[in-house]
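**Q** Just so you know, we're using the working numbering here: the sequence shown kicks off at 1 and counts up by one.
I should point out that these hints are in silico values taken from the structure, not numbers from a laboratory.
Any given hint could be a false lead.
As the list claims (entries may be wrong) - The list that follows gives simulated cross-link-like pairs (lysine-lysine, DSS-like), each with its CA atoms no further than 27 Å apart:
(1) K113 <-> K124
(2) K32 <-> K100
(3) K54 <-> K117
(4) K136 <-> K32
(5) K136 <-> K113
(6) K100 <-> K45
(7) K61 <-> K124
(8) K32 <-> K117
These numbers come from a predicted model, not from an experiment.
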Amino acid sequence: MKPLANWQDHFEVRIIPINENLLIDPRNTTGKVDPTPNGNFVIVKPKDKSVKIKGFAVQVKPESYIDGHSPVEFTMIHRNTLLKKLVNECRNGEMVLAHKDPSEKAKISFFFKHLPKYSTSDKKIFTGTILENFGKFYKFEF
1 MKPLANWQDH
11 FEVRIIPINE
21 NLLIDPRNTT
31 GKVDPTPNGN
41 FVIVKPKDKS
51 VKIKGFAVQV
61 KPESYIDGHS
71 PVEFTMIHRN
81 TLLKKLVNEC
91 RNGEMVLAHK
101 DPSEKAKISF
111 FFKHLPKYST
121 SDKKIFTGTI
131 LENFGKFYKF
141 EF
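Model the full structure from these sequences, guided by the hints.
**A** Structure representation (structure tokens):
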């Protein structure tokens, strides 16, 4: 089975520079949250609201690593109810996020630390797969 063409016709990706502490305290009620972005919040959702995401996996491309280290960290993944970080499942230590269960999802979101100007750069360090159903999936890169 081959992936369907042009995932961008079917899915939207928003990359929002943000400080990770604003995800915990969005109104800065403590007055201690630095407004300077230290990473990005990523939202992936279908353009057609009737479409749901059944499966999702995203990987930091190994060629984007610097001296063997990933250029980003998934520091808030423990708070994510839809995704999990695959640690021991990856042969070569790749950084991968995948869905926790096969339930339908209206959208997927995650935070990655570092590269706060990623949304305005030409870099594409993420690759992965979006599964709409078992016969329909898309390979993506952003």
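**Q** Measure nothing beyond the straight line between the CA atoms of K113 and K124; if it is 27 Å or shorter, mark the hint as holding.
**A** Within the cut-off at roughly 15 Å; holds.
**Q** Hey, K32 versus K117, does the alpha-carbon distance stay inside 27 Å?
**A** 23 Å, holds
**Q** Assess, step by step, whether the Cα of K136 is no farther than 27 Å from the Cα of K32, and give holds or violated.
**A** 45 Å, violated
**Q** CA of K136 to CA of K113, is that 27 Å or under?
**A** The given pair, whose Cα atoms are some 31 Å apart, is violated under the 27 Å limit.
**Q** Do the alpha carbons of K32 and K100 lie within 27 Å of each other, as the hint requires?
**A** Between K32 and K100 the Cα gap is close to 32 Å, so the pair fails against 27 Å, i.e. violated.
**Q** Quickly compare the C-alpha distance for K54 and K117 to 27 Å and report which way the hint goes.
**A** Answer violated: K54 to K117 is near 30 Å, above 27 Å.
**Q** Regarding the pair K100 and K45, is the alpha-carbon distance no greater than 27 Å?
**A** 17 Å, holds
**Q** For the pair supplied as a hint, K61 and K124, confirm whether the alpha-carbon distance does not exceed 27 Å.
**A** Judged against 27 Å, a Cα distance of about 8 Å means the pair holds.
Checked against the numbered hints above, the structure breaks hints 2, 3, 4, 5 and satisfies the rest.
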